[in-house]
Amino acid sequence: MARTLLDKVWEAHTVRTLLSGQTQLLIGLHLIHEVTTPQAFQMLKDAKLKVRMPERTFGTLDHIIPTTDQTRPYADPLAEEMAEHMIRNTKEFGLPLFDMATGKQGIVHVIGPELGLTQPGMTIACGDSHTATHGAVGAIAFGIGTTQVRDVLATQCLSMAKPKLRQVRVDGTLAKGVYAKDVILWIINVLGVKGGVGYAYEYAGDVIDRMTMEERLTVCNMSIEGGARFGYVNPDQTTFDYLRGRPYAPQGAAFDKAVTWWKSVATESGAKFDDVARIDGSAIEPVVTWGINPGMSVGVTQRIPTVESASEPERPTYREALAHMGFEAGQPIKGAKIDVAFVGSCTNGRLSDLRAAAEVAKKGKVAKHVRALIVPGSQQVAKAAEAEGLHEIFKAAGFEWRKAGCSMCLGMNADQLVGREMSASSSNRNFIGRQGSPTGRTLLMSPAMVAAAAINGAVADVRDILK
Amino acid sequence: MSTTDYKRKQIAGRGIPVTGNDIDTDRIIPARFLKEVTFESMGQHAFEDARKANPEHPFNQPAYQGASVLVVGQNFGCGSSREHAPQALMRWGIRAIVGGSFGEIFFGNSVMLGIPCLTVPQADLEWLQKQIERNPKELVSVDVEKQEVRLGDRVIKASMPDGPRNQLVQGTWDSTAVLLEAGDKIEATAKKLPYVVGF
Numbered sequence: 002m003a004r005t006l007l008d009k010v011w012e013a014h015t016v017r018t019l020l021s022g023q024t025q026l027l028i029g030l031h032l033i034h035e036v037t038t039p040q041a042f043q044m045l046k047d048a049k050l051k052v053r054m055p056e057r058t059f060g061t062l063d064h065i066i067p068t069t070d071q072t073r074p075y076a077d078p079l080a081e082e083m084a085e086h087m088i089r090n091t092k093e094f095g096l097p098l099f100d101m102a103t104g105k106q107g108i109v110h111v112i113g114p115e116l117g118l119t120q121p122g123m124t125i126a127c128g129d130s131h132t133a134t135h136g137a138v139g140a141i142a143f144g145i146g147t148t149q150v151r152d153v154l155a156t157q158c159l160s161m162a163k164p165k166l167r168q169v170r171v172d173g174t175l176a177k178g179v180y181a182k183d184v185i186l187w188i189i190n191v192l193g194v195k196g197g198v199g200y201a202y203e204y205a206g207d208v209i210d211r212m213t214m215e216e217r218l219t220v221c222n223m224s225i226e227g228g229a230r231f232g233y234v235n236p237d238q239t240t241f242d243y244l245r246g247r248p249y250a251p252q253g254a255a256f257d258k259a260v261t262w263w264k265s266v267a268t269e270s271g272a273k274f275d276d277v278a279r280i281d282g283s284a285i286e287p288v289v290t291w292g293i294n295p296g297m298s299v300g301v302t303q304r305i306p307t308v309e310s311a312s313e314p315e316r317p318t319y320r321e322a323l324a325h326m327g328f329e330a331g332q333p334i335k336g337a338k339i340d341v342a343f344v345g346s347c348t349n350g351r352l353s354d355l356r357a358a359a360e361v362a363k364k365g366k367v368a369k370h371v372r373a374l375i376v377p378g379s380q381q382v383a384k385a386a387e388a389e390g391l392h393e394i395f396k397a398a399g400f401e402w403r404k405a406g407c408s409m410c411l412g413m414n415a416d417q418l419v420g421r422e423m424s425a426s427s428s429n430r431n432f433i434g435r436q437g438s439p440t441g442r443t444l445l446m447s448p449a450m451v452a453a454a455a456i457n458g459a460v461a462d463v464r465d466i467l468k
Numbered sequence: 006m007s008t009t010d011y012k013r014k015q016i017a018g019r020g021i022p023v024t025g026n027d028i029d030t031d032r033i034i035p036a037r038f039l040k041e042v043t044f045e046s047m048g049q050h051a052f053e054d055a056r057k058a059n060p061e062h063p064f065n066q067p068a069y070q071g072a073s074v075l076v077v078g079q080n081f082g083c084g085s086s087r088e089h090a091p092q093a094l095m096r097w098g099i100r101a102i103v104g105g106s107f108g109e110i111f112f113g114n115s116v117m118l119g120i121p122c123l124t125v126p127q128a129d130l131e132w133l134q135k136q137i138e139r140n141p142k143e144l145v146s147v148d149v150e151k152q153e154v155r156l157g158d159r160v161i162k163a164s165m166p167d168g169p170r171n172q173l174v175q176g177t178w179d180s181t182a183v184l185l186e187a188g189d190k191i192e193a194t195a196k197k198l199p200y201v202v203g204f
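Sequences listed follow chains A and B, in order.
Going by my numbering, the letters in the first sequence line up with residues 2 to 468, in that order.
Going by my numbering, the letters in the second sequence line up with residues 6 to 204, in that order.
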């Protein structure tokens, strides 16, 4: 019987079936950052346990680090304490840490693929829900909690239930001005924020096949926003070309052998899925969220829906969303005034994202009332962008050019919304309070759309600017 | 270590309803309160912003102080993988959660803390929430083994997937020891993977 990538990777990593009926699953790559690990290391110390396979865990600093002055000690003593714990713990347990001095620091989901740590056929876990990002190369990658981080450190394993598999096919051709971000936001709009609960998503179809690796990373990144704990794309030539030459990827003859194995883990033709969803890629326009979860979105030419258009159980959330956002049902999303523009995050903080934003930034100046930040996803992304002069384009247009980190995606550092500020953001969550202010408001969109909103001072259709 | 104390077959306590769907983990505990290297203070930050914005929030109401069975809507705990969310609820006093559906990482994190999350149909959860509001003193009984929620005379059929339910009932949810029992099988599995041994 034809098998899926999920079947094959799951089986290859199964240590045994537990008494509970769950799988003891071996984790091939464990990524850690400073926010969800200090308690796990403490648990390890309390239980007098060692790290089982220290060569399979890699750390970085991303969530709390400032994006302006990164001189230690950090201005925020709590951030300094978290960084200090991370440095001390990784040293004590003998784990590599990509800190600032390495030149490889950045958001954990940006640096994994960038360094070639992330490879097809792996199981990858990290104490962060956006770990699904790594599925773009054909890996089974998912977010875990801190106690599970302890388990991976101590045993290199997790107790897991194999999910069902839904193939999400996006066929057709994307229009100009429509990006990977629009594709995933639209998938979540159609399938719902809890549509993926109990499922993993296999992204496929013409549109996904034609995507670059960075675009696929953006799509897989937001799987959890659609309720799916992980999502992946089958490895293909795009994957192999992307990985070739990366520092932690196999080198020389080993690379060709690796490609043979990577090809062997892909879903076989004729494999059965528990469900198949079809999305017409040609019909997608630039998408903007209007509400308080990533499924509450419309095409940029559309109007904010009415409460009555939602199903009965969803109506209270719609009412709450309209009240929080200060929007009227039926109002066009285009023209909604913004105060802050943010390009960055593990969703859209890669070089291609910065290029797309810069292409728009060239066309104008940031509106006077808008505070606009560009935060590269990693030190290497920053370096590559600077080599192309993107930072100069941004600065000339009135954007701030910052250092790498998670920044305003979740507001754990100083990059936060203030009061009811409205943010046009290339990040992944528009939850109430997400960007650091309990009353702050977030409109999710692609990096190019964020740049367009920054220049216009309000939500704009990037296609009008790119004409 | 004996698993006796870890068995979570039945949990009974007063209920507390938090209505609404898609309540995400940022709402349960905003990111700015995660800047701690321990979980100790998380309990005091449970729903902090929501409680400040709404004095009537159930977590603020005297009637619900001491409650231990949380009854929620659909897709509760969606979003971030932060274990700080179930840690905050647990440290506030929650021992079991009944809802329409749960975000998967939140569900898994709760099980890792020995907190069962059972799903019930929409009509039943609405009834439970209203009944608890009417009489917050009444005991809600969550039977993990039988997959039932009892309140007054009513017995509501609930469900929880076999794997995590077995972990709770058997007392094996604190999984490090269980995983370590695999011994050399862990390394044996790793040695069969070409990316571990080298291509």
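Hints were generated in silico from the structure; no laboratory data involved.
Ideal Cβ positions, reconstructed from N, Cα and C, are used throughout, including at glycine.
Do not rely on the hints blindly, as some may be mistaken.
Said to hold, decoys possible - Derived CB-CB ranges, DEER-like: (1) B:Asn65 x A:Tyr249: 41 to 51 Å; (2) A:Thr302 x B:Ala58: 32 to 42 Å; (3) B:Glu192 x A:Arg245: 22 to 32 Å.
Claimed, not checked - Straight-line Cα separation of at most 30 Å, DSSO-like style, residue types lysine-lysine; simulated pairs: (4) A:Lys165 x B:Lys197; (5) B:Lys14 x A:Lys264; (6) B:Lys196 x A:Lys9; (7) A:Lys264 x B:Lys40; (8) A:Lys163 x B:Lys162; (9) A:Lys49 x B:Lys162; (10) A:Lys366 x A:Lys396; (11) A:Lys46 x B:Lys190; (12) A:Lys92 x B:Lys162; (13) A:Lys51 x B:Lys196; (14) A:Lys92 x B:Lys190; (15) A:Lys163 x B:Lys14.
Hint check:
Separation of asparagine 65 of chain B from tyrosine 249 of chain A is about 50 Å and conforms to the stated range, judged on CB atoms against 41 to 51 Å. Range check, threonine 302 of chain A to alanine 58 of chain B: Cβ separation about 33 Å, and the 32 to 42 Å hint holds. Distance hint for glutamate 192 of chain B and arginine 245 of chain A: a CB-CB separation of about 30 Å, consistent with the stated range 22 to 32 Å. Between the alpha carbons of lysine 165 of chain A and lysine 197 of chain B the distance comes to roughly 25 Å, so the proposed pair stays at or under 30 Å and holds.
Distance restraint check for lysine 14 of chain B and lysine 264 of chain A: the Cα-Cα separation of roughly 46 Å exceeds the 30 Å cut-off, and the hinted pair is therefore not satisfied. Proximity of lysine 196 of chain B to lysine 9 of chain A is assessed by CA-CA distance (about 16 Å); at most 30 Å being required, the pair is judged to hold. Pair hint lysine 264 of chain A plus lysine 40 of chain B does not hold up; C-alpha atoms about 42 Å apart against a cutoff of 30 Å. Distance restraint check for lysine 163 of chain A and lysine 162 of chain B: the Cα-Cα separation of roughly 25 Å lies within the 30 Å cut-off, and the hinted pair is therefore satisfied.
As the CA atoms of lysine 49 of chain A and lysine 162 of chain B are separated by approximately 42 Å, the hinted pair breaks the 30 Å bound. Straight-line distance between C-alpha atoms of lysine 366 of chain A and lysine 396 of chain A comes to about 10 Å, which keeps the hinted pair within the 30 Å bound. In summary, the hint linking lysine 46 of chain A to lysine 190 of chain B is supported, as the alpha carbons are separated by about 24 Å, within the 30 Å threshold. Annotation: proposed proximity of lysine 92 of chain A to lysine 162 of chain B is violated, straight-line Cα distance about 50 Å (limit 30 Å).
Between lysine 51 of chain A and lysine 196 of chain B, the direct Cα distance comes to roughly 20 Å. Compliance with the 30 Å bound is thereby established for this hinted pair. Proximity of lysine 92 of chain A to lysine 190 of chain B is assessed by CA-CA distance (about 28 Å); at most 30 Å being required, the pair is judged to hold. For the suggested pair lysine 163 of chain A and lysine 14 of chain B, the alpha carbons sit about 24 Å apart, so the restraint of at most 30 Å is met.
Hint compliance for this structure: hints 5, 7, 9 and 12 are broken, all remaining hints hold.
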